[in-house]
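Visitor: Sequence:
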Amino acid sequence: MSRWTLEQVVVEIGVDRAAVTSWIEQRWVLPETQGSELQFDDMDVARLRLIAELTQELEIGNEAIPVVLNLLDQIYELRDKLAVIEHAIEQTSPECRAEIARILGGAAKGE
1 MSRWTLEQVV
11 VEIGVDRAAV
21 TSWIEQRWVL
31 PETQGSELQF
41 DDMDVARLRL
51 IAELTQELEI
61 GNEAIPVVLN
71 LLDQIYELRD
81 KLAVIEHAIE
91 QTSPECRAEI
101 ARILGGAAKG
111 E
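The UniProt record's numbering puts the first residue of the sequence shown at 1, with every later residue one more than the last.
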């Protein structure tokens with residue numbers, strides 16, 4: 001995983017330092033600190049790109065950004081949990097998987 005400095009992030013994303021600093025102060029992104037230097041990982045940079053897109057291109061107001069980020073965080077968490085469940089199901093017997101598929105198929109049809 002890459003490590004990025006604040007200066008590298010500003011250049012990479014194309015936003016000014018004040019914007020990134022503001023987003024950190026608002027706790028929209030939480031980089032690590034090594035000494036007095038901020039260190040961003042790839043996930044932080046992806047989140048900063050998203051924030052830049054939301055605020056600049058989509059013109060979403062600062063008051064709505066925490067809501068959007070929270071909803072996206074929930075989606076990512078649910079995707080991770082679903083992957084764990086899928087892996088667990090893959091470890092079961094073919095009969096068990098067939099029964100789970102039958103139950104889920106019925107649930108999708110409203111049964």
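Accuracy of the hints is not assured; some may be wrong.
As the list claims (entries may be wrong) - Pairwise CB distance ranges, derived in the manner of DEER restraints:
no., residue 1, residue 2, range
1, Gly14, Pro94, 46 to 56 Å
2, Val68, Glu37, 26 to 36 Å
3, Ser36, Ala101, 51 to 61 Å
Source of the hints: derived by calculation from the structure; they are not laboratory data. In this text, a Cβ means the ideal position worked out from N, Cα and C, and glycines have one as well.
Visitor: Now, for every hint given, state plainly whether the structure supports it.
Guide: Now the hints, each set against the structure:
For the pair Gly14 and Pro94, the beta carbons lie near 52 Å from each other, so the given range of 46 to 56 Å is met. For the pair Val68 and Glu37, the beta carbons lie near 29 Å from each other, so the given range of 26 to 36 Å is met. In this structure the supplied range 51 to 61 Å holds for Ser36 paired with Ala101, their Cβ-Cβ distance being about 55 Å.
Every hint, counting from the list given before, is met by this structure.
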